[in-house]
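So the sequences go chain by chain: A and B. The numbering used here puts the first residue of the first sequence at 1, with every later residue one more than the last. The numbering used here puts the first residue of the second sequence at 1, with every later residue one more than the last.
Don't read these hints as lab results, they were simulated from the structure. Each residue gets a CB set at the ideal place from its N, CA and C atoms; glycine is no exception. Hints may contain errors.
Claimed, not checked - Partial selection, computed: residues in chain A whose CB lies under 8 Å from chain B:
# : residue
1 : 122
2 : 152
3 : 248
4 : 252
5 : 303
6 : 316
Number of protein chains: 2
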Amino acid sequence: MAMDALHRSLGVHRVLEPAGVLPQAAARLDADPRIGPDEVRIAVHRLNLDAASYRQLAEEHGGEGDRVRAAVLGIVERRGKMHNPVTGSGGMLIGVVDEVGDDSPLGLEPGQQVATLVSLTLTPLRITDGLARWDGRSEQVPAAGTAVLFARSIAAVLPEDLPQEVALAVLDVCGAPAATERVVHRSGHRPSVAVLGAAGKSGCLSLAAARDARAGRLVGVVRDEREAAALRAARLADEVVVADATDPLAVAAAVGPPVDVTVVCVDTPGAEHGAVLATADGGTVVFFSMATSFSAAALGAEGMAADVTMLVGNGYTPGHAALAMDLYRHSPGVRSLIEPRVRAS
Amino acid sequence: MAMDALHRSLGVHRVLEPAGVLPQAAARLDADPRIGPDEVRIAVHRLNLDAASYRQLAEEHGGEGDRVRAAVLGIVERRGKMHNPVTGSGGMLIGVVDEVGDDSPLGLEPGQQVATLVSLTLTPLRITDGLARWDGRSEQVPAAGTAVLFARSIAAVLPEDLPQEVALAVLDVCGAPAATERVVHRSGHRPSVAVLGAAGKSGCLSLAAARDARAGRLVGVVRDEREAAALRAARLADEVVVADATDPLAVAAAVGPPVDVTVVCVDTPGAEHGAVLATADGGTVVFFSMATSFSAAALGAEGMAADVTMLVGNGYTPGHAALAMDLYRHSPGVRSLIEPRVRAS
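This is chain A alone, in the form it adopts within the complex:
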């Protein structure tokens, strides 16, 4: 690809300052709703602010809704995107496809309801209703306006057969099952698989993906007996065991014979060494937790002379959104674990 086509596909042409950086690194984007040939315009219906970003804004403004709303409007006006300058985080948005450029590779059509799976920190955004329907007291922001997707943005069409909250909950973690499927598929004949944090959203979807990819022995590791009972009832794993993911020897003992693939879906720090110890020589560990420490993983494997391949879980694999939705639709076990979480939130 020529360099200017690469730049366009990443949205570099929308960067106003500083020139020549990627949109996420930009101080200000051009949010003009007129789209180029490889872009897509979305009519925005709702912003889902990143939890850390909303919390910071609420604290800074003493929890006063009007002031929080004014702050969000100010950021979007100033930066051309909802990129909290303190937390550095954004969120995602829901809307309807409004116009699709002739050269857009995203496969979208006008009228489709979509959720963006790339961060608001790199999405050109214009608000046209002053956020009049938002009281400033929740991360869920009803909004009217426009957003622009680039050739290399990611948006998922929201399915009509699932409640929007369910679809968003599944899309939020759809990278994990897609990557798990790929790793299991590449790990030879019926590899054994352990999932740490197996009763959570990404964990149960990863178990289902591993089984779909013809895993052999399938072990779900959870933190307590309550989760174990729920996971056993869901019938997603051959074995369900309880262990503190931050205790390496306890994890290894609970998993038993080391497995070919370990998938880390726990959201607490300190799970790196247990994952490595639970994995057989020549095996693979996939880290999906944002709490993963790069150095703890690298030095831990070295310190235990563990010949394992360690993967940084990539949130993007082609087809990841559709795969996760299908797993949800076709696995009663996955539904039994995710539905209560959606209802509770």
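Mind docking chain B on chain A? Use the hints.
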């Protein structure tokens, strides 16, 4: 492996407190020089303290050599290992193999001069000379005493044909070329490869390893013209280009057509996005820099819709030390880049 054999191989039986953790996490180890059947005793000749650890000790004790020496002796006496409680770091040691248990899998023989490649933070250590030959003013600590290796420790026999300083400099980074060789070998027919930080120790060894593994087009990325001249003279890459590794678009432009494998050997933060952008869809990025941010890598790839496999560089691959030594011996280009660094240090 039965759980108690696993525990023994990792040295858990040497942990005095708290019970049941791995040696690195222990407050205190049993440094008794009498070895078990799967252990090895080393007669210690020198400790190389971790730079961060030495600096902290020197600052805490006002740079006074006698006090620094007393502090190191106190730590080893109290903890049974040289594990700086403030920095959490250790270092490595050089010595001679003294006794080898019948069941040790390390393949060592008495009389061999070795360097430990696992951290001092998990190595049982006893000092017997009061560090009388050390003035406390350098990270290099002449010492007499004993250390114990477990079944899953790693020690490299120091070659007789290379100066000790050269061998240590190469061993320090030997994980990178071994992992690079493996990834290139697994990446199909003559994959193209880019190395960021290609003129450094781990970078030039990784280039040589990639060529040995039958890489196709080989690109070395360096930070300035001085490094570029040195790398061109070393003839380790087909193309040598200059780019700021923390500028993603500059890296992508410098590398040109995206490569199948990108190896990150720069020691500054912020190289994640450039590495991802320089890599073709379906390709692999190997992160060897301890400055790598897990979340920057994961979110960056997602934000750019990049379908790349990202690996946490594992410092351990079987045979890594011998491979790195061989690359050094047989590649005049590698020697031309590493020798000046050793002389300068």
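How the hints compare with the structure:
{"no.": "1", "hint": "122", "verdict": "holds, 6 Å"}
{"no.": "2", "hint": "152", "verdict": "holds, 4 Å"}
{"no.": "3", "hint": "248", "verdict": "holds, 6 Å"}
{"no.": "4", "hint": "252", "verdict": "holds, 6 Å"}
{"no.": "5", "hint": "303", "verdict": "holds, 5 Å"}
{"no.": "6", "hint": "316", "verdict": "holds, 5 Å"}
The structure fails none of the hints (numbered hints given earlier).
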